[in-house]
Structures are given as structure tokens and as C-alpha cells.
Amino acid sequence: MLSLGTGGGKASKASFVSYVTPEEIKSEKEPPKKNKHPELLPGEVVFCSANPILKFTQDDQSQRGVFGTLLCTNFRVAFVSDEEEDAAQHFKNRLYGEHDIPLMCVDSIYGGYDDKKKLITSGLVKNKSPNKMIIHCKDLRVFQFCLTFTKEEDARKIFQGIVHHCLEPKSLKCVFAFSYSNIPNPERWATTTFDSAEDWNQEMKRTRGWCKIVTGNENFELSQRLPQVFIVPKAVSEEDYAKFQGLGLPIWCWSHHTGCALFKASSVPMLQEDTVAQAYMERMLNDVAQNHLYSVKTEDLSETLPSIQEIQLAYTKFKQFFLIDNTTDFWMSDVKWFSSLENSGWLDIIRQYLQKAVEVVECLEAENTNVLIMEEDGTDLCCVISSLVQLMLDPYFRTLPGFQSLVQKEWVAGGHNFQDRCNHLHHKDKEQCQSPVFLLFLECVWQLLQQHGPGFQFSETYLTVLSDSVHVPVFSTFLFSSACQRVSSIRADSPQTQRGALSCPAVWDWSVQFDRKAQDFFINPLYAEKPVKVVKKSHRPKHQRQLSLPASAFKTPSKKSFFKEETDSLKKMLRLRRISRWMLSPDSPQPSTREFYEAWLRKPLDYHGLLLPCLSGPAIRLWVQRYLRWLPEVQVFGGGAMAVISRLSELLAQVQELKQQLEWKGHRQETNHRGVPAHLQPAVRHSSVFPFASSRNWSFRPVIPTNVFQSLLVPDSLADQDDEYTEVVSLV
Amino acid sequence: MASASIPAYSSSPLENSSSQNASRESLRLEPLADVALLPGEERVTDKDIIYICPFAGALKGKVFITNYRLYFRSNDVDPSVILDVPLSTIGRVEKMGGASSRGENSYGLDITCKDMRNLRFALKQEGHSRRDIFELLFRYAFPVSHGLQLFAFLSQEKYEENGWNIYEPVDEYRRQGLPNDKWRITFINEKYELCDTYPTKLVVPYKASDEDLRRVATFRSRSRIPVLSWIHRENQAVIVRCSQPLVGMSGKRNKDDERYLDVIREANGTPKLTIYDARPNVNAVANKATGGGYEGDDAYQNAELVFLDIHNIHVMRESLRKLKDIVYPNVEEAHWLSSLESTHWLEHIKLVLSGAIQVADKVSSGSSVVVHCSDGWDRTAQLTSLAMLMLDSHYRTLRGFQVLLEKEWISFGHKFTSRIGHGDKNHADQERSPIFLQFIDCVWQMTKQFPTAFEFNERLLVVILDHLYSCRFGTFLFNCESVRDANALRSKTVSLWSMINADSSSYVNPFYTVESSRVLYPVASMRHLELWVMYYIRWNPRIRQQLMSLPVIKHLLAPRDEAPELCEFLFRESKLLSKGPFGHSLDLILLTYFCGWYE
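Residue numbers (UniProt numbering), protein chains in the order written: chain A, 1 to 732; chain B, 1 to 599.
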């Protein structure tokens with residue numbers, strides 16, 4: 001808390017804070033030696049611990065904090081306060097508490113040496129051990145521990161222990177998931193995992209696609225790159241499946257109701273004069289084209305979108321804005337806030353990805369052409385674009401189970417290399433592979449969500465929690481580098497596992513982390529559920545597919561010759577299309593999709609139809625909940641989006657009550673009384689960061705910005721003028 | 001519903017467009033048949049013209065000019081594009097191109113509006129076709145410069161409620177618990193003899209005699225003496241507003257003024273009176289040269305002076321001009337955030353808000369405060385009214401907000417005529433400045449941060465701003481009460497509140513939660529401040545309206561198939577609704593919804 005600009009003194013703190021300064025502590029007798037342990041998870045082992053450790057509460061200058069025990073286990077860095085903890089927490093994570101950091105969630109560790117702060121990169125601390133340890137987390141929390149109150153030996157041990165277990169390279173089997181045992185619970189939201197042919201079959205039926213399922217990769221004989229089950233265009237011949245170890249093979253993602261479909265592929269490294277590869281790619285394109293009306297557009301995403309390295313670079317800059325450990329820095333950075341945001345480039349990358357997704361949507365929706373997107377591995381940028389396209393076009397993926405299924409389909413079964421992109425294992429040689437690609441996807445989803453709230457069944461809290469869960473080493477979902485690695489790790493005969501099969505849960509089993517009440521925050525109360533009984537008056541006929549050429553047309557010999565003739569010229573066209581980029585040059589003011597977007601704007605908004613993002617400057621915004629949730633300076637007490645949600649839930653409960661009264665009047669029957677959910681009782685005022693960050697720091701004093709004036713560079717001539725061109729006051 | 005505000009809420013994305021009647025229009029002979037003229041509004045002229053729409057290109061159509069508005073309807077695109085601009089919103093009319101200009105549509109009119117848009121019309125070059133329309137526009141857009149009356153004096157609109165009665169000073173002071181044993185209501189200014197820019201009824205310390213007030217008046221710029229704006233019910237701390245003391249270069253003192261401020265301090269036993277000078281320190285010092293200044297430490301021993309660093313009207317005008325450059329007609333895309341930062345608009349908002357937060361915080365902790373700037377009608381009004389909005393939930397209701405504007409802005413002499421330039425052709429007048437707009441923006445920022453704390457919605461704020469310029473109502477006309485009285489404003493014009501309160505359900509925030517004693521402290525950090533897109537960029541059809549619109553909520557609250565029975569039930573139980581536990585807003589949502597259902 002900063003001091004008030006007008007000598008207003010320090011704002012009062014909540015009662016749990018220790019007001020002792022380090023000097024006072026020394027004069028007192030030894031603090032009570034309590035080696036409290038947190039409740040350990042099954043399979044969790046404590047490596048080392050130290051007491052007493054002072055955990056600073058906010059501002060490092062104030063030296064205020066809580067004493068307790070710092071531990072390092074095979075799952076987390078944990079801090080157990082010596083003082084009584086406030087039990088009333090609305091959004092308690094069952095796996096780790098608010099002072100705990102799962103090992104994978106540690107982003108960086110700094111050693112504090114008196115006034116200096118040094119980034120720690122390896123477990124070997126050469127000189128004297130630091131007196132302060134600052135931990136930056138991947139979920140953007142910042143912890144500061146003072147190590148000077150405990151025995152020097154203990155301090156060194158805990159510091160080195162934590163650094164070792166958080167930063168040193170480790171093998172996959174050391175990840176806590178392999179020690180954690182858990183009895184799986186029935187999932188609240190049924191998620192399709194896409195690990196069986198049946199799931200894929202269902203999905204193809206649902207979208208009325210007509211490609212073929214390939215099941216021959218059950219044991220990864222075809223290729224270790226490809227999933228166990230995948231779908232390719234009907235026209236692809238069996239010999240082509242593994243021609244380049246699966247490279248270049250168009251994998252089906254989704255079919256539009258008109259019959260055209262979206263495919264993704266990794267690119268075949270093409271040397272000049274490599275006629276085999278060229279012929280192969282030509283063949284693949286033709287096969288895709290044959291899926292619908294002999295049309296295809298293709299795009300190498302790595303040519304037109306920021307690379308994973310650029311994503312990583314931008315995010316590294318961007319996240320620093322939120323890893324703030326004191327109020328002075330906060331207000332210093334407030335002055336140039338907008339330009340700093342812009343300079344990181346992160347928001348612009350989000351815009352570019354959304355833009356690209358809109359382009360693909362336009363091809364499918366407006367032109368009804370098949371689309372093949374490609375990139376080097378086919379599991380990074382392709383995943384972002386293909387999942388965004390599906391989210392915009394298919395309302396099913398905007399439901400909670402649908403969204404989870406989408407992540408399973410495109411990312412988990414699709415083989416996104418979570419392990420290296422997150423660098424879960426801290427391998428130094430993998431550092432250049434690290435990139436928050438999945439987070440970028442969630443960011444894009446959040447942009448859509450904030451623009452079209454009623455179109456989504458899940459809330460932003462859900463997205464925030466999902467982004468955190470990537471770094472909780474308990475779930476199988478985000479742990480592996482490929483489908484192949486995941487399957488072999490889960491199989492019993494794998495050498496990776498210690499005791500038989502890996503039994504860790506999927507992240508979708510939300511009860512592992514949250515109780516039912518907390519899970520209610522995942523649901524967006526503004527979601528406009530699809531009316532059940534509707535006379536379909538859609539402006540877009542659903543069964544347009546039949547209007548296009550029936551599938552049988554391709555089989556009749558007469559038609560075939562027609563297509564045969566077309567093929568050569570089409571080939572030329574394809575090549576042309578491949579060369580011509582969809583997007584105009586980056587400095588072109590008008591993106592090519594503008595007309596498509598404006599045509600869509602003119603139609604009435606249908607939350608169960610196509611949703612497109614607005615991409616203009618003011619429309620792409622900062623994901624306030626995820627990034628600002630831990631900063632005390634920006635908490636709006638009694639305000640924020642949460643206030644609306646609470647109020648809405650209240651109103652809905654009242655309507656419910658009214659309806660029940662109505663029923664009761666009609667049928668003279670007792671009905672169950674259903675009130676407002678307890679966590680949203682109006683009497684409980686929340687801050688804008690609710691349900692994150694504990695609301696115990698509730699302060700009734702406002703935060704008043706410091707050094708606001710210095711920043712304003714105003715042309716002197718104006719600033720010096722008087723408000724009025726007045727005659728000099730005669731009374732003087 | 002104000003015509004000028006329709007576009008912001010129309011579901012159709014193209015500027016002002018509406019598809020109804022568009023195709024039939026061409027068949028009609030009656031030129032203004034589909035424009036609902038206001039009572040008292042008269043047709044002046046019409047003309048075939050080309051509107052150069054920055055979004056849709058050149059559009060052929062017809063422009064109609066009345067004594068109140070400029071109305072354009074395109075006739076070659078579907079849906080047709082409509083412009084409906086009150087003439088008073090026009091700040092500047094210029095001729096574009098000459099008779100010999102080459103190029104298509106290079107000859108015409110360029111109109112700059114006060115509501116963040118420009119309109120360009122092209123005419124045929126032959127026969128000086130624009131002379132007439134230019135002269136008529138010039139005449140009717142700037143009636144004051146031509147010795148004509150503002151439309152508010154011609155309007156014959158009738159409403160059930162008389163909005164002029166919304167603010168009765170004595171009732172408002174009584175609501176605050178005044179007068180009491182420390183504060184009295186004085187009628188010394190009944191004939192505007194003490195101060196011609198103050199209202200007639202003032203609240204002053206009980207201990208200060210009328211003679212004291214007169215002596216204090218000699219030491220305050222334009223005699224705007226310290227008077228009470230608001231009193232805290234529990235701790236009796238007050239917000240007092242005034243103008244700067246006339247210290248001058250020589251550092252003059254005035255015992256009466258010093259004593260007077262000390263009486264204010266003593267009223268609730270505040271140990272040290274805090275004087276918030278809204279200006280930057282350097283400007284306050286510079287004001288000494290023109291006879292003004294600030295309360296020095298030596299003279300006012302029981303007071304502490306805090307400068308709030310808010311810039312003057314010229315800086316704010318310049319900042320808004322820069323903002324317009326980046327949002328109209330096209331939104332600066334490539335470097336949106338840094339361009340926004342370079343306008344400093346939000347930074348000024350941050351300063352005003354953080355000043356008001358400090359005032360509110362001081363008062364709620366029990367200390368009385370004095371707020372002034374130079375003359376006490378611009379920055380002072382911003383600070384006191386925002387602080388009152390934070391402290392007193394009454395001002396956060398639909399009617400309470402009207403009272404707040406009537407009291408702190410209108411009655412205390414914010415110079416609307418000078419700042420807006422109603423009906424005046426002098427567009428470059430240095431007196432013009434978007435001070436009131438900036439205040440409304442601050443209010444919007446607060447409603448954004450506390451979406452359940454205000455009874456009114458964003459639409460109210462937009463409509464207020466539209467009629468700030470429209471001159472359809474008398475509410476924002478003239479600089480102070482004495483001039484309003486002289487022009488018999490209350491009897492000759494209609495109040496904006498008459499119209500608003502006749503249709504109050506359109507202005508209600510469905511999420512409003514009544515909380516009587518909560519102090520709101522917004523966070524004045526750039527992390528939370530955002531550009532008010534729905535106002536500043538509302539003319540751009542590409543910025544989709546992202547309002548959480550009522551239809552959605554209606555949809556949520558009552559699935560359609562259950563509506564008829566539920567509706568009957570609700571009407572039967574209407575007593576329960578209006579008084580019952582369901583509150584005002586739910587009531588309104590349901591009723592609007594069900595009325596819509598039956599239509």
C-alpha cells in the first residue's frame with residue numbers, strides 16, 4: 001500500500017499481518033519453532049524445509065510479512081504460515097494453497113543480496129547465499145521470502161533445494177504426475193478425448209464430413225508424428241500415409257456444413273528439384289481439393305504469422321509488466337502503460353492470429369473452398385488457427401464440454417508439444433523451443449469471449465484457470481511432447497513409469513482442483529442458451545450441402561471426364577493460389593477480410609451462428625483478470641465484471657423464485673426453494689479480482705496514484721495560459 | 001428518444017442507417033414525410049446533395065434543413081444512410097473547393113461537429129449551387145451570431161413532468177441534513193448582488209454573518225466565496241467550493257477570509273483543513289501575476305494546501321483535438337495504444353479522478369476540505385461533483401444524478417455557453433473546452449469500474465452529451481443562474497430532464513443494486529482506464545457495439561415459451577413487483593420484456 005500523497009499515513013492492514021520489523025524480531029526471544037507441514041498429496045514427499053521464513057506480504061520496502069515454514073516437495077514449493085489461516089476461501093484449489101507454487105509453475109527465481117537482485121540460473125550458488133528469495137510464477141504471482149531469520153545452514157539448504165528442483169533439468173519420470181495416485185472421478189462436463197476411432201467417427205458425423213478414418217497407426221507404425229487415429233481426405237491413397245513419415249499428410253480438422261473442410265499438415269522439407277516431394281504435395285493438394293467441389297486454398301502459416309520464437313519473445317516482454325513486486329514500480333510503469341503494452345507486441349500477435357483465423361473462416365464460409373493450413377511441425381500455429389476457426393464457426397465448441405473436446409482434438413490428440421513449449425523439464429537445449437502457443441490460443445479465445453459474451457458457455461475464469469493448469473504437474477493433458485509419448489507413458493509396459501500404468505487424471509476432471517461450488521465460476525451466466533423449441537428461421541439454410549453437387553456426381557463417368565479436363569488448369573490455379581498470399585502486405589491499411597467482416601456485421605447477430613472478432617485497435621484488449629489479478633493496486637473493491645455476474649445470478653435466482661411461485665399458484669404444490677448460490681450472496685462484496693487473490697486485504701482506503709504529474713508533457717504555451725483571458729481583477 | 005443519439009444504439013451497423021421505408025422513399029413526394037419533426041420545428045430548405053461518407057464513400061441523397069436539424073437520407077444504397085444532426089452540434093461550416101476545382105466531389109461543404117465527427121457534402125459545381133445552402137446552414141447553425149433565437153426557445157415540446165423542478169436547492173440541502181447548528185442557508189445572493197455567477201441560495205457557516213460574507217467576497221476571484229457543497233451525514237465533514245484567493249504579487253492577506261476558513265474547519269472539529277487547489281503548483285504561482293494565487297502557509301495556519309495538478313481548459317481542448325485525430329474518421333490501427341497515450345486524454349482523466357478520490361477519501365475520514373481552481377467553475381466542479389458521486393449514493397440514482405448536474409454544474413455557474421459556444425460561429429474561441437465532457441467521461445469510467453453501483457446506464461450519459469450541444473432543451477444553456485433568470489429560461493424552454501424522466505426505463509441499468517452508504521473508490525490507474533469507445537468512436541460502423549444489451553438479459557431472464565403465463569402472473573402481482581423484494585431494475589426488465597412480448 002502506498003502512502004497517501006497528502007501525508008495521510010499508511011493505510012491500515014488486515015489483522016493477520018505481522019507488524020514486526022526485523023530489528024524487533026532480533027530482540028525478541030527465538031520465535032516459536034513450529035515445523036508445520038501442509039497436507040501432503042498422495043505420493044508427495046518433502047525434500048527440505050526451513051523455519052522461520054518471513055514471507056513479505058506486499059511491498060518489500062515495508063518489510064511486513066508473515067512468519068512460517070518454507071518447504072520444497074516433489075510437487076511444490078509450499079509456505080505454511082505460523083499464524084491461523086483464514087479458512088473462508090471461495091475459490092480454493094484442492095491441490096495447492098494460495099502460498100504454494102507447483103514446481104512447474106515457477107517461472108524464475110531471483111536471489112536478493114541486500115539491495116541487489118540477481119537472476120538465479122542454476123542450482124549451484126557460488127558465493128554466499130542470498131538473504132532474500134523472489135519467485136516469479138507462471139501464473140504471475142510474485143513471492144518474496146526473507147531467509148535471514150532462519151539458521152544460515154537451513155537457509156542455504158532451502159534456497160538451493162528450491163532452485164535445484166525448480167530450475168534444474170529433470171527427466172519426465174521425475175514429474176510429480178508419475179508419483180501422484182488418484183482415483184478418477186466422473187467428469188462433470190463430458191469431454192470427448194479423441195483417442196478412439198469412435199470419437200473421430202462421431203465428430204465426422206456431427207459435422208457431416210465425408211473423409212476417411214485411418215486406424216493403422218495404433219502402435220505408431222506409420223509415423224510417430226501422427227496420432228493413433230486420424231482422418232484424411234477420401235482421395236488419399238494408403239501408400240501416401242507414411243510417405244514422408246506423415247509429413248505433408250493433410251489431417252482433417254473440421255467440416256463446414258456445405259461440405260468443404262479444414263485440413264492441417266506439416267510441411268515436407270522441399271529441396272529444389274525434389275520432384276518426388278513436389279509431386280507428393282501436388283497429389284495431396286488434389287486429394288484435399290476433391291473433398292468438395294474441387295477447390296482448395298492453402299497457406300503456409302509460418303510464412304505469414306509470427307513464429308513461435310516471436311511469440312515467446314513478445315510474451316517474455318509482456319509478462320514482465322505484471323510481475324511487479326512493489327508499489328513504486330507499479331505507479332512508475334503506469335505512466336507509459338499503453339505504449340509499453342504496445343511495444344511488447346503481444347496484443348498485435350493476438351490480432352494477427354485472429355485475423356488469420358478470420359481469413360480461413362472466410363474461405364470456408366463465404367467461398368466454400370477446402371482449406372489446407374501448413375507449418376513446419378503442423379502442431380503449433382496450425383493448432384491455434386484450426387481451433388480458432390472452429391470456435392468461430394461451430395457453436396458446439398463454445399459450450400464448456402465442446403471447448404474441452406476441441407482442446408483434446410486439436411491440441412492433445414493433435415500432438416501439440418506441450419512438454420517443450422512449456423519446457424516442463426527445464427532442458428537447456430529446449431529453451432529455444434519454449435513458447436506459450438497454447439496460452440496465445442487461450443488469449444485469442446478470451447478476446448472472442450469478451451466481444452461476444454453471450455455466445456460462450458464458459459467464463460473467463462474458466463480460461464484463466466485452464467491457463468494456470470498447464471503448469472500443474474498432476475495432469476496428463478499438458479505433460480507430453482506428442483501423442484506417441486503420451487500413449488507410451490500411459491501404457492503399463494513403459495519404462496517411464498515407476499509402478500505400472502500412469503494413473504494421473506486429465507485436467508478436465510475439475511474436481512481434482514476445485515469443489516463443485518468453485519466450479520460454478522466456470523459457467524458464464526450471460527450465456528444465451530440455444531432455445532430448445534424453435535421454428536428455424538435461420539437466414540442460412542442448414543442443409544445447404546444438398547444444394548451443392550451431390551457426392552455421387554463425382555462418380556459418374558461423364559462428370560469425371562469433366563473434372564479431368566479441369567484438373568490441369570486447376571493445378572495451375574492451385575499453384576497460383578499458393579503463391580498469392582491472402583493477406584495483403586502488412587502495411588496495407590485494409591485487411592482483405594474487411595468486406596467479409598462488414599457483410600457479417602450487417603446481419604443480425606446470432607450467438608449460435610458464426611461469430612467474428614472485431615480487430616480494430618480498441619477492440620483487442622488486455623485480459624485483465626488473468627494478468628492483473630494479483631496486483632493489489634488495481635483491485636476495485638465492490639466492482640469489476642464480477643459485480644455484474646453476482647448481480648445477474650441474483651436476478652436469475654429471483655426469476656426462478658417467481659416462476660416457482662407461479663407454478664405453486666398453478667398447481668398448489670410445494671416446490672423446492674432455491675435461493676441465490678451462497679458464494680454470490682449480495683451481502684458479500686467482492687473485489688474486481690474475485691475469485692482470485694484473497695479478499696482479506698480488503699481496504700476501505702483508496703489507492704491514490706503517485707507521480708502522475710511528472711509524466712504529462714504538455715506544450716508549455718497552453719499549460720501556462722490562464723483559464724480565462726480575463727481582465728485583471730479590479731479588486732486587487 | 002433523442003434523435004441524435006439513435007445511431008449509437010441502432011442495431012444496424014451502418015451509420016444511422018435504417019432499412020425501413022428506404023425503398024418506398026423514392027416514391028414519395030413529400031420531402032420530410034418520414035422525419036418526425038419536433039413541435040416547433042420548421043422546414044427551411046432541402047436539396048439534392050452527395051454525402052461523402054468516410055465509411056461507405058460518396059452517397060447521393062437529399063439533405064433537409066429545418067430550424068433544428070440537418071437531415072440527410074441517401075437514395076442509392078440499401079439500407080439507406082441517414083444523418084440526423086441537430087444544427088447546434090455544428091461547430092464550423094466551411095466551403096470546400098472552388099468553382100474551378102477539379103476532381104470528383106471536390107466542390108462542397110465541410111462541416112465540423114462538436115460530437116467528434118465531420119461531415120462532407122459535395123454539390124454540383126454549376127451555378128453556385130452551394131451558396132444558398134451554405135448561407136442557410138450558417139445562419140441556422142449559429143443563430144446567436146445572427147440575432148436569432150436558439151431552438152430551445154422555439155420548441156413547443158410538452159412533457160408530463162416538468163424537469164425544471166428536479167432540483168430544489170432547499171430540498172437538496174434538507175436531504176443532506178441542512179441547515180443544522182453549524183451551517184445555515186443564506187439568501188444574501190437572492191438578487192445576485194454578492195456574486196453574479198453563484199446561485200441564489202448558499203450554505204455557509206452558521207457563525208459567519210452576511211457582513212462577513214461580503215468581506216470574504218472581496219478577497220475571492222469574482223466573489224465566488226467558499227460555500228458548502230456537501231456534508232457527510234455521520235462525521236459532518238464538508239466539501240466547500242470557491243475560487244482562488246486574490247493574493248496577487250504582493251502576497252496580500254485578508255483576515256476575514258482566514259477567519260472564515262477557520263470557522264469552516266471548526267464546524268466539525270477538523271484539526272487541519274485541507275485545501276485542494278486543482279491546478280498544478282506552477283500555474284497557481286503564475287496566477288499571482290494576474291492578482292490571483294493560493295492560500296499561503298503563513299496566512300492559513302490551520303490549513304494544508306495540496307495541488308492536484310490538473311491542467312487548464314486549453315490543455316484539455318488540445319488533448320481532445322488530438323483524440324479526434326486518431327478516432328475519426330478512421331481509428332488509428334497500427335499504433336493504437338501509443339497514439340492513444342500521446343493524446344494524454346486518459347492521463348487527464350486519471351488526474352481528475354485521482355484528485356476526486358483524494359477529496360472523497362479526506363472527507364470520509366472526517367476532515368473538511370476546500371476545493372478551488374482559478375475561478376471555481378471548471379476543475380472545481382469536476383472535483384466536487386465526482387467526489388460527491390463517490391461519497392453519496394443518492395447521486396448515483398437516475399434522479400440524483402440530475403440533481404448533481406443541476407447543482408454543482410448548472411447552478412454554480414459552469415460556463416456552458418462559453419465552453420460549448422452554443423449557436424456561436426466563432427469556432428476558434430479560446431474559451432471553448434470539453435470540461436463537461438471530461439467529467440462525463442470520468443463518470444463513465446466509474447460506471448465501468450462499478451457496474452452495479454449506478455442506477456443509470458451509459459445511454460443516459462450519451463444522451464446528456466448529445467443535448468449538451470443540441471440546444472433543444474434549456475438545461476445546458478447560458479453561463480450562470482442570473483443570466484438564465486434574465487432570459488426566463490425556465491418558463492420559455494423545456495428541461496432535458498422532462499424528456500429523460502418521461503422515458504426513464506430506457507436509462508436504467510439493469511444491474512443496479514441499491515446500496516445506500518457505500519463509498520466508491522475507483523482505481524485511477526491506466527490499467528483500468530479505457531477509452532469510451534461507445535461515445536468517441538460511435539460513428540464508426542466497424543466498431544461493433546459491444547454493449548451488454550438488454551435483449552440478451554431479457555432472453556436470459558425468461559425463456560420465451562414460459563412468458564405468457566409468467567407475464568400474467570407478474571401483472572397480477574404488480575404490487576409485489578413495485579414494492580417487493582425484487583427491486584426496481586428487475587421490475588423494469590421484466591416489464592419491458594413482457595410489453596415487448598405482447599406487441
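Be aware that one or more of the hints could be misleading.
Selected chain A positions facing chain B (in silico; Cβ < 10 angstroms) [said to hold, decoys possible]: (1) 213; (2) 487; (3) 610; (4) 624; (5) 639.
Bear in mind the hints are in silico, worked out from the structure with no lab data behind them.
Given the structure is predicted, the values throughout are model-derived calculations rather than measurements.
Beta carbons: idealized from backbone N, C-alpha and C, even for Gly.
How the hints compare with the structure:
{"no.": "1", "hint": "213", "result": "violated (39 angstroms)"}
{"no.": "2", "hint": "487", "result": "violated (43 angstroms)"}
{"no.": "3", "hint": "610", "result": "violated (14 angstroms)"}
{"no.": "4", "hint": "624", "result": "holds (8 angstroms)"}
{"no.": "5", "hint": "639", "result": "holds (4 angstroms)"}
Hint violations for this structure: numbers 1, 2, 3, all remaining hints satisfied.
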